[in-house]
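Protein chains: 2
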Amino acid sequence: MSNIRRVAELAGVSVATVSRTLRSPNIVSPNTRAKVLEAVRDAGYKPNLMAVKFRAQRTHNLVVLVPTIANTFFARVISGIQAAAQERGYSVLLCNTLGDESAERAYARMVTSRQADGLIQLRAFNPFPADAFSAGTLPMVNVCEVLDDVACPTIKLDNRLAARTLTEHLIELGHRRIAMIKGPRRSPLTRDRLLGYQDALKSAGIELDDSLLSPGDFTPQAGFDAADALMQCRRPPTAIFCENDEMALGAVKLIKRLGLKVPEDVSIAGFDDIAFASYSDPPLTTIAQPAETFGRQAAITLIERLDGKQDVTHTILPYELVIRGSTSKVR
Amino acid sequence: MSNIRRVAELAGVSVATVSRTLRSPNIVSPNTRAKVLEAVRDAGYKPNLMAVKFRAQRTHNLVVLVPTIANTFFARVISGIQAAAQERGYSVLLCNTLGDESAERAYARMVTSRQADGLIQLRAFNPFPADAFSAGTLPMVNVCEVLDDVACPTIKLDNRLAARTLTEHLIELGHRRIAMIKGPRRSPLTRDRLLGYQDALKSAGIELDDSLLSPGDFTPQAGFDAADALMQCRRPPTAIFCENDEMALGAVKLIKRLGLKVPEDVSIAGFDDIAFASYSDPPLTTIAQPAETFGRQAAITLIERLDGKQDVTHTILPYELVIRGSTSKVR
DNA sequence: ACAACGCATGTAACCGGTTACATTTAGCGA
DNA sequence: TCGCTAAATGTAACCGGTTACATGCGTTGT
Numbered sequence: 001m002s003n004i005r006r007v008a009e010l011a012g013v014s015v016a017t018v019s020r021t022l023r024s025p026n027i028v029s030p031n032t033r034a035k036v037l038e039a040v041r042d043a044g045y046k047p048n049l050m051a052v053k054f055r056a057q058r059t060h061n062l063v064v065l066v067p068t069i070a071n072t073f074f075a076r077v078i079s080g081i082q083a084a085a086q087e088r089g090y091s092v093l094l095c096n097t098l099g100d101e102s103a104e105r106a107y108a109r110m111v112t113s114r115q116a117d118g119l120i121q122l123r124a125f126n127p128f129p130a131d132a133f134s135a136g137t138l139p140m141v142n143v144c145e146v147l148d149d150v151a152c153p154t155i156k157l158d159n160r161l162a163a164r165t166l167t168e169h170l171i172e173l174g175h176r177r178i179a180m181i182k183g184p185r186r187s188p189l190t191r192d193r194l195l196g197y198q199d200a201l202k203s204a205g206i207e208l209d210d211s212l213l214s215p216g217d218f219t220p221q222a223g224f225d226a227a228d229a230l231m232q233c234r235r236p237p238t239a240i241f242c243e244n245d246e247m248a249l250g251a252v253k254l255i256k257r258l259g260l261k262v263p264e265d266v267s268i269a270g271f272d273d274i275a276f277a278s279y280s281d282p283p284l285t286t287i288a289q290p291a292e293t294f295g296r297q298a299a300i301t302l303i304e305r306l307d308g309k310q311d312v313t314h315t316i317l318p319y320e321l322v323i324r325g326s327t328s329k330v331r
Numbered sequence: 001m002s003n004i005r006r007v008a009e010l011a012g013v014s015v016a017t018v019s020r021t022l023r024s025p026n027i028v029s030p031n032t033r034a035k036v037l038e039a040v041r042d043a044g045y046k047p048n049l050m051a052v053k054f055r056a057q058r059t060h061n062l063v064v065l066v067p068t069i070a071n072t073f074f075a076r077v078i079s080g081i082q083a084a085a086q087e088r089g090y091s092v093l094l095c096n097t098l099g100d101e102s103a104e105r106a107y108a109r110m111v112t113s114r115q116a117d118g119l120i121q122l123r124a125f126n127p128f129p130a131d132a133f134s135a136g137t138l139p140m141v142n143v144c145e146v147l148d149d150v151a152c153p154t155i156k157l158d159n160r161l162a163a164r165t166l167t168e169h170l171i172e173l174g175h176r177r178i179a180m181i182k183g184p185r186r187s188p189l190t191r192d193r194l195l196g197y198q199d200a201l202k203s204a205g206i207e208l209d210d211s212l213l214s215p216g217d218f219t220p221q222a223g224f225d226a227a228d229a230l231m232q233c234r235r236p237p238t239a240i241f242c243e244n245d246e247m248a249l250g251a252v253k254l255i256k257r258l259g260l261k262v263p264e265d266v267s268i269a270g271f272d273d274i275a276f277a278s279y280s281d282p283p284l285t286t287i288a289q290p291a292e293t294f295g296r297q298a299a300i301t302l303i304e305r306l307d308g309k310q311d312v313t314h315t316i317l318p319y320e321l322v323i324r325g326s327t328s329k330v331r
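So the sequence lines, in the order shown, correspond to chains A and B.
For what it's worth, the numbering used here labels the leading residue of the first sequence as 1, then goes sequentially.
For what it's worth, the numbering used here labels the leading residue of the second sequence as 1, then goes sequentially.
A portion of the hints provided could be inaccurate.
Heads up, the list lumps identical chains together, so a pair's fine if it works in one copy or across two of them.
As the list claims (entries may be wrong) - Restricting the straight-line Cα-Cα distance to at most 30 angstroms, the calculated cross-link-like pairs of lysine-lysine (BS3-like) are:
hint	residue 1	residue 2
1	329	256
2	309	46
3	329	202
4	309	256
5	202	35
If you're looking for bench data, these hints aren't it; they were derived computationally from the structure.
If you're wondering where the values come from, they're calculated on a predicted model, not measured in any experiment.
Generate coordinates for the entire structure from the input sequences, incorporating the hints supplied.
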């Protein structure tokens with residue numbers, strides 16, 4: 001592969017002139033420029049970007065840690081990250097971590113070892129060692145599921161309010177026994193949605209009942225199993241609020257398996273508005289999130305931060321209650 | 001950030017000794033080794049991998065071109081690529097191309113400009129200029145949807161045989177008017193599945209009817225629209241074979257919207273066995289593909305190729321007919 | 001006692017660009 | 001024509017590792 005020295009030789013100029021011709025053409029004379037460009041063409045020269053990045057000590061790579069790429073909501077977020085990064089000359093190094101913290105730490109080392117400039121984390125976990133960066137320079141942005149106490153910008157939904165809105169929708173339909181299939185126990189996102197759910201019940205004067213809370217892990221199977229457990233308690237719910245659509249689809253399957261109907265016997269609501277939400281039978285009532293915008297905003301914020309912007313912003317994006325056929329008046 | 005020279009100074013040795021201590025510890029004396037490792041710790045030294053890669057002229061990055069990451073089948077393939085790459089010390093640069101050829105060419109330039117060592121293409125398109133690599137050294141592997149005429153290893157299903165198997169299943173159930181919702185017109189994958197469908201019909205003595213073929217683009221909406229068109233022809237089909245599960249889910253929605261039942265009125269089959277296939281109502285009959293294995297095998301093959309293996313292998317992976325509730329005896 | 005060898009370590013070139021600084025050339029006025 | 005300035009171009013240091021080769025020293029064999 002030809003390098004800049006070969007091009008310089010072909011064009012009969014110095015390597016500096018070749019470099020300048022390609023980076024700031026206006027400061028070389030038209031004559032020289034033409035010679036150089038011809039030599040570039042003849043040599044089939046492509047600058048070695050590894051060398052460029054090495055010299056600049058800037059990779060223009062962003063690491064993205066995603067719990068699981070197979071989740072269609074995350075897939076949309078990643079599309080947004082990718083699009084915004086690409087527009088700004090950055091590449092995305094995608095890492096499917098399956099929530100494994102040691103894997104996340106390993107990927108974070110790509111930043112400390114200068115394989116990437118910064119990191120976008122879609123999960124509430126800080127993969128960097130506490131002392132890796134001086135205060136306020138952590139090259140990270142946290143999106144979707146967000147840490148409370150880390151000094152980096154975050155982008156999220158007002159999960160508490162969204163969950164409250166959805167729960168209020170169920171209450172307005174006359175439901176009193178409203179179950180919730182939650183996400184992983186220690187997640188702030190799960191905690192916030194639970195709080196919103198409780199807010200709605202409390203202000204409607206409905207007593208909280210822990211037997212209506214069931215844990216899940218965001219997979220359809222978990223929704224199926226959790227719904228099964230809920231329907232076996234003495235006084236089963238008339239509505240189930242699932243913390244994501246995948247689990248809601250699993251819950252719908254279970255209800256039908258029991259010979260019951262959605263929404264006539266049990267109303268079911270999800271969260272995220274994934275593509276399949278409107279193709280399920282019945283189509284899911286859910287909370288739509290601007291997934292691509294999450295991604296775009298995360299990438300933009302991170303790149304600004306890498307460019308030296310110091311302030312730690314916390315962005316809240318809007319949600320929308322999408323009412324479809326999976327929820328209806330009680331009984 | 002501290003570099004190797006600073007560590008050498010701290011340890012009172014040369015940079016070569018530091019480098020050796022970290023790369024081949026056994027060739028430095030235990031005394032020196034201890035001194036160096038202490039200095040490494042004290043300095044908080046991490047080798048700058050950009051420099052390492054630049055020096056070695058090897059990035060250990062793989063570019064993956066995926067038409068759309070939001071497709072759950074592709075997401076699983078990518079998981080497989082990622083896992084195998086990571087085990088071998090490679091990172092994955094994921095590029096969501098949306099099938100845009102100029103975007104694919106742009107990403108392929110990451111290889112020619114040495115930002116990545118090789119490329120995995122999930123689509124039937126060669127993004128490299130014809131003259132970019134000398135014969136037999138194209139650093140690319142083509143997986144899932146495969147080019148016929150490019151000198152690189154491929155990994156695919158026997159799509160023709162799989163489509164035939166699925167069609168024969170429908171024929172065995174007594175169907176004679178079997179429609180097909182196809183993928184994009186120019187795709188070899190679509191062509192092969194169509195051939196398999198025709199093979200099955202021919203050997204059963206069923207006449208081919210072009211009005212039973214409808215084009216799609218692998219999205220649920222396309223399945224919905226295509227099924228709509230099919231059901232409006234004079235003699236509508238009793239079974240619809242969709243080239244992927246997303247379109248099958250769209251078709252199921254349309255059939256129900258018409259007030260008909262799946263599978264009693266119309267049997268519907270998909271392809272891929274995505275996670276939601278078993279959560280739809282009724283659960284989809286489909287062809288299961290070993291998606292993660294596709295990815296793993298692609299990554300392994302590419303890395304072998306980068307390590308100098310010359311031969312162009314064409315791997316065929318097994319499929320499985322998964323019979324669920326969306327297909328049944330005709331009438 | 002000396003040559004020969006091998007182990008541990010040091011020196012410096014190298015990868016391929018970018019760019020500060022030095023040098024040459026061109027243009028223009030006096 | 002000379003001198004000055006600005007524009008164009010060249011020279012070489014530099015980024016941070018790796019490694020071929022050189023060096024130095026201790027051990028072994030004769």
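Here is what the structure says about each hint:
Proximity of residue 329 to residue 256 under the C-alpha cut-off of 30 angstroms is found in both arrangements, the shortest distances being 18 angstroms within a copy and 23 angstroms between copies. For the identical chains of this complex, residue 309 and residue 46 are inter-copy neighbours only, at 25 angstroms across copies versus 32 angstroms inside a copy, given an alpha-carbon limit of 30 angstroms. Taking CA atoms no more than 30 angstroms apart as the test, residue 329 paired with residue 202 passes inside one copy only; the shortest distance there is 20 angstroms, against 52 angstroms between copies. Taking the shortest alpha-carbon separations for residue 309 and residue 256, neither the intra-copy value of 53 angstroms nor the inter-copy value of 54 angstroms comes in at or below 30 angstroms.
With identical chains, the CA atoms of residue 202 and residue 35 are never at most 30 angstroms apart, being 77 angstroms at best within one copy and 64 angstroms at best between copies.
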